[in-house]
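Colleague: Now for the letters of each chain:
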Amino acid sequence: MRVILLGPQRRPTVDAVARAHSLGVSGPVAVITAGWQEREPDDAELSRLVGGRAVNLALYRRWLDVQDRDPEYFAAERRLAETLAELQDYYLLRLDYALRAVYAVQRRACGEAGAEAFSEAMAAVRELDAAHLRRVNGARLEFFQRLPPHDRPVIAEHRAALSDVLGAASAVVIAGGHVGVLAGVLHLFNIAASLRSPVVAWSAGAMALTERIVLFHDRAPQGPGHPELSGSGLSVLRDVVLLPHARARLLLDDAPRMAVFARRFSPARCLLLESGSRIEAESPGGGPGGGFWPSGVRVIGEDGRLTSLEAA
Amino acid sequence: MTTVSEPKGARGAAPVSRKLAINRLRDRRPLDPAAVDRFLARHAVPVVEGARCTFLYRGEADEVFLIHRIFGLPDHLPLRRLHGTDLWYAVLELPEGSRVEYQLEVVRGGRRERINDPLNPRLAHSPVGSSSVCYAFGHVVPDWTFPDPEARPGSLADLVVPSRALRRDCPVTLYLPARFRRTARYPLLIVHDGGDYLGYAGAKTVLDNLIHRLDVAELVAAFVYPGDRLAEYANSAAHARFMTAELLPRLEAEVPLAGRPAGRCLMGSSFGAVAALSAAYRYPGAYGSLLLQSGSFVFTDIGRDHGGGPPFEPVVRFINRYRAAPRRVADRMFVSCGVYEPLIVPNRSMVPVFEAAGMTVRYVEARDGHSWENWRDRLRDGLSWIFPGPQKFFYE
Chain A
1 MRVILLGPQR RPTVDAVARA HSLGVSGPVA VITAGWQERE PDDAELSRLV GGRAVNLALY
61 RRWLDVQDRD PEYFAAERRL AETLAELQDY YLLRLDYALR AVYAVQRRAC GEAGAEAFSE
121 AMAAVRELDA AHLRRVNGAR LEFFQRLPPH DRPVIAEHRA ALSDVLGAAS AVVIAGGHVG
181 VLAGVLHLFN IAASLRSPVV AWSAGAMALT ERIVLFHDRA PQGPGHPELS GSGLSVLRDV
241 VLLPHARARL LLDDAPRMAV FARRFSPARC LLLESGSRIE AESPGGGPGG GFWPSGVRVI
301 GEDGRLTSLE AA
Chain B
1 MTTVSEPKGA RGAAPVSRKL AINRLRDRRP LDPAAVDRFL ARHAVPVVEG ARCTFLYRGE
61 ADEVFLIHRI FGLPDHLPLR RLHGTDLWYA VLELPEGSRV EYQLEVVRGG RRERINDPLN
121 PRLAHSPVGS SSVCYAFGHV VPDWTFPDPE ARPGSLADLV VPSRALRRDC PVTLYLPARF
181 RRTARYPLLI VHDGGDYLGY AGAKTVLDNL IHRLDVAELV AAFVYPGDRL AEYANSAAHA
241 RFMTAELLPR LEAEVPLAGR PAGRCLMGSS FGAVAALSAA YRYPGAYGSL LLQSGSFVFT
301 DIGRDHGGGP PFEPVVRFIN RYRAAPRRVA DRMFVSCGVY EPLIVPNRSM VPVFEAAGMT
361 VRYVEARDGH SWENWRDRLR DGLSWIFPGP QKFFYE
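In the order they appear, the protein sequences are chains A and B.
For the first sequence, the numbering used here assigns the number 1 to the initial residue and increments by one for each residue that follows.
For the second sequence, the numbering used here assigns the number 1 to the initial residue and increments by one for each residue that follows.
Hint data in this document are derived by calculation from the structure and do not stem from the laboratory.
Fair warning: this is a prediction, and the values are worked out from it, not measured in the lab.
When the alpha-carbon atoms are kept at most 20 Å apart in a straight line, the in silico SDA-like pairs for lysine to any residue are as follows:
#, chain 1, residue 1, chain 2, residue 2
1, B, Lys-392, A, Arg-257
2, B, Lys-392, A, Arg-249
3, B, Lys-19, B, Glu-93
4, B, Lys-19, B, Leu-40
5, B, Lys-392, A, Arg-219
6, B, Lys-19, B, Leu-31
7, B, Lys-204, B, Leu-176
8, B, Lys-392, A, Asp-96
9, B, Lys-392, A, Asp-129
10, B, Lys-392, A, Leu-92
11, B, Lys-392, A, Glu-228
12, B, Lys-392, A, His-226
13, B, Lys-392, A, Leu-93
Model the full structure from these sequences, guided by the hints.
Modeller: What follows is the structure, encoded as C-alpha cells:
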C-alpha cells in the first residue's frame, strides 16, 4: 500500500499530491474528515483540492447515528471510555514519576554507573508504556468481543455501506483533527479492511495510521506535558511515531528532553511532519519499518537532535 | 511545584535610564499651570517608566497619600508637591509584570478623603467598591479574559437548591458549555462566591474562551452564593454538608456529570478557599481537586494573636488543627496567591503542609494583590491543570 504523509494543511499541499498521483481519475476519492467532529461536513474546500471527485465517508455522522439507534452499544461504549480514561489517569500518574526519574538521572548521570542507571530508568518507562498499551488494547478487545460490532445491525449497515464506497474508491484521504475520535471511528467501522491505495493523510490522519498513537504537547498552558500513549491506530505504519506540528508543539531545542523522547520509542523513528512535509512510503504487509522511510526525512535522533534519516 | 506567572508582553515604556518625566517637568521653566496641563495631557497616569511608576494628584491639599495594600511597603506613601504647582507626585518602584490597586487619600483642613485616582481611568471592582489600578511595565491582561466573538458562548441557568443544612434556599447559577449534550459526561467545578466570580472575574467569559481554545475541558460549573459569608465560609459543617450531601447529589442527578471524585473540583478565593478546603476536609474523597486562590489560611504558631479579628477565629482554629494533623483531602490542589498580599506568607506556608499530606500541589504566585483580577488572571493556570482541555488530541 502506498502511503503519502503530509504536514499540516494550513497551506494546502494535498492538491499537488492529487495532481501528481492523478487522484480521482480511476474512481472517486474517499475522504475522511471525522477528526473535525461536528465540522465534518465542511469539506467543500478539501473536495476541490482533491479534484472534485471526493466522497466523504461521514464517519463521525455515522458514529452519532450509532449512538442514537443503538443505545445499548452507546452505553457500553461510554463505560469503555470511562474505563480507558481511568487507565489513562493512572498511566499518567505513574508516567510522571517514571519520567521525572529519567530526567533526574539524566541530569546527574556520568560514568558507567550513571549510564546504567539511565538505561534502567528508561527501561522502566518503556515497560510502563508497553503495559499501558496492552491494557488499553485489552480493554478494547474485551469490549469488541463482548459486543461484536459486526453483530450490531446499525454498525453492520454502516460498515457495508462504507465497504461499497471504499470498494469503488481510487484513493483515501484522511484529514487531521481530534486523533482520538478519528482513530475510534476508523476502528469502529473497520476501515483498515477496506483501505484503498494510495492513502494520503496528514496530522491526526497520519497518526491514526500508526500502530502506536503518541500524544504530545510541550507548550500546553499548564506546562509541558509528558508524551503519552493513547492507544493503537490502524497499524498501517509500524515502527514510527509521527509528530505533526513538531516545532510548534515540542521543545525541539531541548536536546536532553528530545533524547529521552527518541530513546523511549526506539526503534521506532520519531518523524517530523511539519508544514510542507511530504513523505511517500510503501507499506508492504506489515508496513514500513525504520529502514523503509525515504532518505531526507527529518527525525529526532537518539542524541535528541534533529537529523535527516540517512544520517541517523 | 512553584511558579511565578511571568509577564508575556510589555505594558508602558521600556526600561529607561534617562531622567523621569516628573523630574524633567520639575526642571521646566516656566513651571506654570499650562506646563502641568501639557504634561498631564501627554502622559497616562500613573506614568510608567521602566520599573518606576509615578503616581500623581492635582489639586489643592495639605497632604496627599498613596494608599495601597502592597505587603512589605508602608500602606500610606506620601506624595510630594511639585514646587510652585498644585501637582503632587510619588515614585514607586514596581517589579516587571506587577499590578497594583490603590487609592489616594487627600487631606484638606484636617479632613481626610479617600478617592480613586481622578487622573487614571482604569478601575478594578469588587464587592467592597472600586479602586484605581496601576499596571506596571510588562504587565499584560490575558487576551482570554476579553470576550472573543469566535468563542461559542455557554449558557447560564439559575436554580434554587433548598438546603436543610443551611436552613435556607440556596441560589445556584449553572454554567453549561457551548455544544452541551446530555449524552456526554462533564466534570464539575463548584465555585464559591459565584456571583463575584461571574461579576468581577468574568468567569463566564473566561470559561467560554478557555474551552473554545481547548485549554480547558468542557465542564459544568455551579456558582454558589453565600448567605452569611463569614459564618458559612469559615469552616462551617453546615456549609460542607450543603455542598456535598445536598448540592452535589442534586447536580449529579439532574446534569450529565462524570460523577466521580476525579471529575469534581471545589474552587474559591480568600474565605471561599477556606470553605473549599473545609468542605473537602469534612468529606475526604468526595472531591478530586481543589482550586484555592489567595486562601485566608491564617494560623498561629504560638499564642493567639493572628491579627485577623473575630471573623478569623474559626479559620485559625481550623488551619491550626489542619497544620497539626494534615490530612489528604483531595488528589490534586492548585494554589495561587499574589505576592503583594499579606496572605502570601500563610499560602506559602501551607504548600509543604498540603504536599506532606500526600496531595499533588501546583502553586503559582503572581505580582498582584488580593483582587478579583488577580484571581481571574490565574484561572487559566488553575483550570487547565485541573481539567486540561483536549489540546493534546488535536492535530489539524
